[in-house]
Amino acid sequence: MRLLLVEDEIDIQSFLRRSLQEAGYQVEVASDGKSGERLAIDGSFDILIVDLGLPDQDGITLILHLRQLGVRAPVLILSARRSVDDRVRGLEQGGDDYLTKPFALAELLARLRNLLKRNSPADRESTRLRVQDLELDLLRREATRGGKLLQLTQQEFVLLEYLCRNAGRVVTRSMILDEVWGMRIQPDTNVVDVHIYRLRGKVDGAGQPPLIRTMRGVGYVLKDR
Amino acid sequence: MSSRTGRRPIRSAAWRISLWATLAFAVGTTVVFVFLQSFVAGDIQRRTDAWLSGEVEVLGDVAEHTPKDDLYDRVVGEVAELASREVPNKIASESEPDNAVFFLQAGSDGALKLWVGQGNGDEYLKSIRAIKLLPDRPADLRVPGSNMPYRVASIGTDDGSQIYLGLSERDELRVLWSLRQRFLLLWLLIVLLGFGIVFLATSRMLSHVRKITDAASRIGHSDLRERVPTNKRNDEVSRLAETLNGMLDRIESSIHQLHTITDSLAHDLRSPLTAIRGKLEMSVSQAADGEQGEQIVSAIEELDRLTDFLNKSLDVAEARADALRLTRSSIDLGERVRVMIDLYEPSMSERGLRVNLLCSETVQIDGDEALIHRMVANLLDNELKHLPQHCTLDIQVRRDNGNAELTLEDNGPGFDSEVLQHIFERRVKGRGSNGHGLGLAFIDAVARAHGGEVTASNREAGGAHIKVTLPLASAAELDGDVAAISAEPTDQA
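Protein chains in written order, with the numbering used here: chain A, 1 to 225; chain B, 1001 to 1493.
Hints may contain errors.
As the list claims (entries may be wrong) - If you want the footprint, here are the derived chain B segments under chain A, 3+ residues with CB under 8 Å:
1. 1261-1269
2. 1292-1298
3. 1307-1318
4. 1344-1350
5. 1371-1378
What the hints assert, rightly or not - Straight-line distance between alpha carbons at most 20 Å, and here's what the computed DMTMM-like set of lysine to aspartate or glutamate pairs gives:
6. LYS1467(B) to ASP1394(B)
7. LYS202(A) to ASP1342(B)
8. LYS1279(B) to ASP8(A)
9. LYS1132(B) to ASP1109(B)
10. LYS202(A) to GLU1350(B)
11. LYS1385(B) to GLU1350(B)
12. LYS202(A) to GLU156(A)
13. LYS1279(B) to GLU107(A)
14. LYS223(A) to ASP133(A)
15. LYS1279(B) to GLU22(A)
16. LYS223(A) to GLU161(A)
17. LYS1467(B) to GLU1405(B)
18. LYS1467(B) to ASP1416(B)
19. LYS1279(B) to ASP1263(B)
20. LYS1279(B) to GLU156(A)
21. LYS1385(B) to ASP97(A)
22. LYS1467(B) to GLU1453(B)
Keep in mind that the hints were calculated from the coordinates and are not lab data. By construction, the Cβ of each residue, glycine as well, lies at the ideal position given by its N, Cα and C atoms.
With these hints in hand, go ahead and build the complete structure from the sequences.
In structure tokens, the structure reads:
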């Protein structure tokens, strides 16, 4: 996967480059809008990460310009602004995504994956999900572990489904809130943890190897092996 | 909108102004007319008096020089008759007998000697006796049985008899009467016309003021781009509009400056935070589980708390300055609260709290989705942090007086009375609270940015009561699907 990172902060550039490379991306870096534009047109990238606060131009202007020039690759917008303005909303509706700084690496990677998945033929058609001995029937909204039916509420099923779809990868609390509850909030209290705790109580019953692991400071992961 | 209620003309300032202006005008013209009328009346009387004095002198002369024989009556009578034909300002009248003039001579003994005129001479004489008539001073006379007043002049003759000449004031009164009539007609016309003109002029002027008011009230907390309408006339109203617009320019530019400051502050703080967090995250994946990893993880958690505090502080700072930026969309408040309660319910029941949601109608608002979410989350965070075990939280979403109302009532200890007074100020927090004291300030700020408000009080039965009022979405077509979306009250515990 070829990825173009347009970001002017050297510190962020360097750690992003390293972690993105570790995650398997081929990363090119541009430090301003001009060189970013040149690179984006020349190289065929699968995905772009664009910071909004570029030294020479506004990130949104760059994205809109690239779109006009026929660059189709999805864009993950990084914003240090707190509120997301209408133009970012517009891009979001157009298939791009945004992330406010500071962010968890896990979330950045997850959003990149989502963007790439959106652009490739959907693999969501399957009606069953399977992670180790955990099985989810998406049509009947039923989950079994080791063949035993789990008594889950609607909400818990959706949460478990989300964890299964991202099995083996870390999901952050804000990703869970965004994907399962559809809201970008940062609660002062550990509301997500309590949901996970309850779900874990049902999924990881006594005597079974635990599937849901807490990654402190980051989020949760559903172990796939 | 408050300016709408003033649209009834009777309540408008234009109505009052025209009423007062017309009143002043009417009183003024009446005073002028009264003056004019008395002038005209005085002038007519002066002429009448001059004629009377002249004629009575002639008659006195004639009476004196005419021999007192049998012909005396006839001669004097005829002279008097002749005089009456020369009455000034005479208006011919067919309906009434011609009794414009009378001539009366009383002897030295006071008895009626000669009478020329209509009616009974004695009656006239009696009336004359009743008023003290001075020679050369004509005076008004009213005779019983006749509805016309007379002007009477007298002169004494050498033989001691008195000669009276009376002239009916009928014509004079008629002139004055028609003058009054015409004046009244014209006066009414002018006053009505004046009222109409003043009303039209002032309401035209004030309609401009009303447009300014409407525009100014549309310029909400968040949308400062709009300006009040101006016109080309360089009058007070247009200067008011220009001044308002100038003020809005200044406010907009200071808000813009505030945005720039908070944005660059946020940017300057966030970039290093991002870099630090990223590096920490990378090193935690390298450091195997152990004490070092534990320390890095807790550093990341501290960093996240710091970020959260930074976000909230900047939001509250902007909101306090009425500078929160809203991206509005249509939001079903009840639905959002329901989802939010789904999220919070496990934490609540974990702490032994019961939550009830009552929402039996669609409550649609026009708001910033992210801010509304965070506001509701803050409210629930607040309850979760402060309610002791086994309390119940009742949440209600409903429509009231064109507003959306979100009410949270609990049966906990309520607010400290000293905290309650400053509850929505920054950094005010209850005893034993472990938050940073921005929660309620933020809630208040979001509500105000949406044109609503928050009130907090203690219930009489004990417990806290928080009410968030937000304006409903303006679209009226939402009424149709009330039944479709309304749900049975959620009862979770």
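Here's how the hints hold up against the structure:
no.: 1; hint: 1261-1269; result: holds (count 4)
no.: 2; hint: 1292-1298; result: holds (count 4)
no.: 3; hint: 1307-1318; result: holds (count 5)
no.: 4; hint: 1344-1350; result: holds (count 4)
no.: 5; hint: 1371-1378; result: holds (count 4)
no.: 6; hint: LYS1467(B) to ASP1394(B); result: holds, 12 Å
no.: 7; hint: LYS202(A) to ASP1342(B); result: holds, 18 Å
no.: 8; hint: LYS1279(B) to ASP8(A); result: holds, 17 Å
no.: 9; hint: LYS1132(B) to ASP1109(B); result: holds, 17 Å
no.: 10; hint: LYS202(A) to GLU1350(B); result: holds, 16 Å
no.: 11; hint: LYS1385(B) to GLU1350(B); result: holds, 12 Å
no.: 12; hint: LYS202(A) to GLU156(A); result: holds, 10 Å
no.: 13; hint: LYS1279(B) to GLU107(A); result: holds, 15 Å
no.: 14; hint: LYS223(A) to ASP133(A); result: holds, 11 Å
no.: 15; hint: LYS1279(B) to GLU22(A); result: holds, 14 Å
no.: 16; hint: LYS223(A) to GLU161(A); result: holds, 13 Å
no.: 17; hint: LYS1467(B) to GLU1405(B); result: holds, 7 Å
no.: 18; hint: LYS1467(B) to ASP1416(B); result: holds, 17 Å
no.: 19; hint: LYS1279(B) to ASP1263(B); result: violated, 24 Å
no.: 20; hint: LYS1279(B) to GLU156(A); result: violated, 33 Å
no.: 21; hint: LYS1385(B) to ASP97(A); result: violated, 33 Å
no.: 22; hint: LYS1467(B) to GLU1453(B); result: holds, 8 Å
Of the numbered hints listed earlier, those contradicted by the structure are 19, 20, 21.
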